[in-house]
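Student: Okay, here's what each chain looks like letter by letter:
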Amino acid sequence: MPPVVQIKDIHKIYDSGEIPVHAVRGVSLDIHKGEFVALMGASGSGKSTLMNMLGCLDRPTKGTYLLDGIDIDKLDRNELADLRNQKLGFVFQGFNLLSRTTALENVELPMLYGRHRKVSTAEIRERAMHCLDIVGLSQRFDHFPNQLSGGQQQRVAIARGLVNSPQVLLADEPTGNLDSKTSVEVMGVFQKLNEQGITIVMVTHELDIAHYCKRNLILRDGVVVRDEAVKDRLIAEQEMGKLKQAEAAAKLTAAPAA
Amino acid sequence: MRFSNTLRVALRALMRNTMRSMLTALGMIIGVGAVITMVSIGNGAKVQVEAQVASLGQNLITVMPGSFSSGGMRGGFGSATTLTPEDADAIAAEVPNIDGLSPEVRDRTQVLANGLNWSTNVNGVGPDYPYVRNWPLASGAMFTDQDVKSLAKVAVIGKTVADQLFPNEDPIGQTIRIRNLPFRIVGLLTPKGFSVFGSDEDDTVIIPYSSHMRRVSRRTNISMIRIQAASPEKIDTVKLGVEDLLTQRRRGREPDFTVRTQEELATAATQANKTMTGLLAGIAGVSLIVGGIGIMNIMLVSVTERTREIGIRLAIGAHSGDVLTQFLIEAILLSSLGGIIGVAAGVGASQFISNYNGWPVVVPTVWIFISVAGSAFVGILSGFYPAYKAAQLDPIDALRYE
Chain D
1 MPPVVQIKDI HKIYDSGEIP VHAVRGVSLD IHKGEFVALM GASGSGKSTL MNMLGCLDRP
61 TKGTYLLDGI DIDKLDRNEL ADLRNQKLGF VFQGFNLLSR TTALENVELP MLYGRHRKVS
121 TAEIRERAMH CLDIVGLSQR FDHFPNQLSG GQQQRVAIAR GLVNSPQVLL ADEPTGNLDS
181 KTSVEVMGVF QKLNEQGITI VMVTHELDIA HYCKRNLILR DGVVVRDEAV KDRLIAEQEM
241 GKLKQAEAAA KLTAAPAA
Chain E
259 MRFSNTLRVA LRALMRNTMR SMLTALGMII GVGAVITMVS IGNGAKVQVE AQVASLGQNL
319 ITVMPGSFSS GGMRGGFGSA TTLTPEDADA IAAEVPNIDG LSPEVRDRTQ VLANGLNWST
379 NVNGVGPDYP YVRNWPLASG AMFTDQDVKS LAKVAVIGKT VADQLFPNED PIGQTIRIRN
439 LPFRIVGLLT PKGFSVFGSD EDDTVIIPYS SHMRRVSRRT NISMIRIQAA SPEKIDTVKL
499 GVEDLLTQRR RGREPDFTVR TQEELATAAT QANKTMTGLL AGIAGVSLIV GGIGIMNIML
559 VSVTERTREI GIRLAIGAHS GDVLTQFLIE AILLSSLGGI IGVAAGVGAS QFISNYNGWP
619 VVVPTVWIFI SVAGSAFVGI LSGFYPAYKA AQLDPIDALR YE
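So the protein sequences, as listed, match chains D and E. Here the first sequence stands for residues 1 to 258, where the numbers follow the working numbering. Here the second sequence stands for residues 259 to 660, where the numbers follow the working numbering.
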């Protein structure tokens, strides 16, 4: 089975300033179905640029990128939009939900832009509800983003990313705006999805968050300096238990029932 | 994306900002409302002028004496003294397609009655006068051909004269003194109000023209002849007939008369009105443009403010065309909604003005369609640039926008 993401020696050079900035200097990468990759690196290491290219939001200056076997270099702006719509799901650091729009309508959005399949309004609604159910928010489908906590908003965003059954779910610092407990909660959702076979690539600069993934990629100055499988992988469910006990000990919350 | 989905997305976007949407549409509501109100008022005025012109009589033709000329000095129209009752008789006898005809001798003098006096227009006319002027009597009866032949001292008076001289009594049967001659009042004209030219039509006393010429003004010529043609199509024929006959009667002398039709009069009267309506509609049109600029402004601000939203849409698979269509639909929805509410507001305002001021107001149906279509068009015009700007955004830049 060919890799879902296949990158060969891609470069990205920004030419806008006086001095051209070589942000990504020859990265080659294969990501197979079912992987859970954390992309790490310090600020300016090129991880966001690489992520934008993975997300088909930006084109590499040089090199090839095959997404699910499709060479994105040959696609125009609208075809790229269709590719993002059908093959990719996005989760952003700032959640990026539409304000004053219910959770359900936010999740429905990618399906409204779906081009190839004719889907009835009822089916769109049903599928959006199903995805909200996966992230455990079906009870709050009619809430507006400002009525949801940060973790809940991020789960709505994940549901939105899932709704078109993408090949890869891309998450750009999904826990960046969340406290540690909520971060674990969100990582739990990702792990659950990954167990169901969904490929996930996420950018993070938090080491402990990266330990919930299966594979860690470290970028420095635009090149991959380390690519290894995570050995002592953290499981969100267990960590959640530990956190609850710690909180109980600190009398932050009532003691857990167990 | 299917159009129905774009429409739904645009509707949702508008609903998210109900207050802003309403305020934006307000510009359009005021613009269209102003257009409808102005045009309604203009139209009402036009209808009123038309009614006044019609009240002069229907299918009317007037014959006036030409200009008087003596030793190089020339008077204006009507200054010649060459139009005679015999001319009127000849026209009545020889020109076909005439429904009614009345010679007219004009004078202004003091009249006395009841111990009161009043300066008014005393006009000598024929028995057909109320018919030709389309001016029925309120009570009593018009004097007859017999009265004209016998130089009878009878009079029919207008409402104003009746009010001034007989404040609390029925004038019929009373006596009115004109140049010291007693005239018996036989009829009272219905109130007609002000003429197109602003004079009080009801301020008048009419007597047989023969009596007027022999007893009151002692003139041999008449001021004018009013003729009513049998139908609107016959007006021109009658006009030519009258001109031919009078020229013939002049036996080769210079034509010393003018024949005018009511249409010429109506044209002059409505011309000023048309200019006024055009002016009002122009001002209203400007407010429509201002409304359009308001929409464009809000849409531009909205594109900037919603940059992130646009970025999200583009990231999750919206085509540039989808974003363009969405913003265009938003602009068109805003402006047409404003247009439709504006029509309602305009019609309401027209009714209000009509009830409050008593102005005649006629809401023109055509303008309702023009306004709604016009506002949608303004929406397209003002929405296109912001929509294009939104569609051209780069998804990465848009997502990073703070």
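Hints were generated in silico from the structure; no laboratory data involved. Everything numeric in this text was worked out from a predicted model, so none of it was measured. Among the hints, a few may not be true.
Unchecked claim - Some but not every residue of chain D turned toward chain E, in silico, with C-beta under 7 Å:
(1) Ile19
(2) Tyr65
(3) Arg84
(4) Asn96
(5) Arg100
All C-beta atoms in this analysis are idealised placements derived from N, C-alpha and C, irrespective of residue type, glycine included.
Student: All the hints need checking, so say for each whether the structure fits it.
Tutor: Checked hints:
1. The interface hint given for D/Ile19 is violated, since its Cβ lies 21 Å from the closest Cβ of chain E, which is over the 7 Å cut-off.
2. Given hint, D/Tyr65 at the interface with chain E, is violated; its Cβ is 16 Å from that chain's nearest Cβ, farther than 7 Å.
3. Look at D/Arg84: its Cβ gets to within about 5 Å of chain E, closer than 7 Å, so that hint holds up.
4. Interface hint at D/Asn96: satisfied, since its Cβ lies 5 Å from the closest Cβ of chain E, which is below the 7 Å cut-off.
5. A distance limit of 7 Å between C-beta atoms decides the matter here; for D/Arg100 the minimum to chain E is near 4 Å, and the interface restraint holds.
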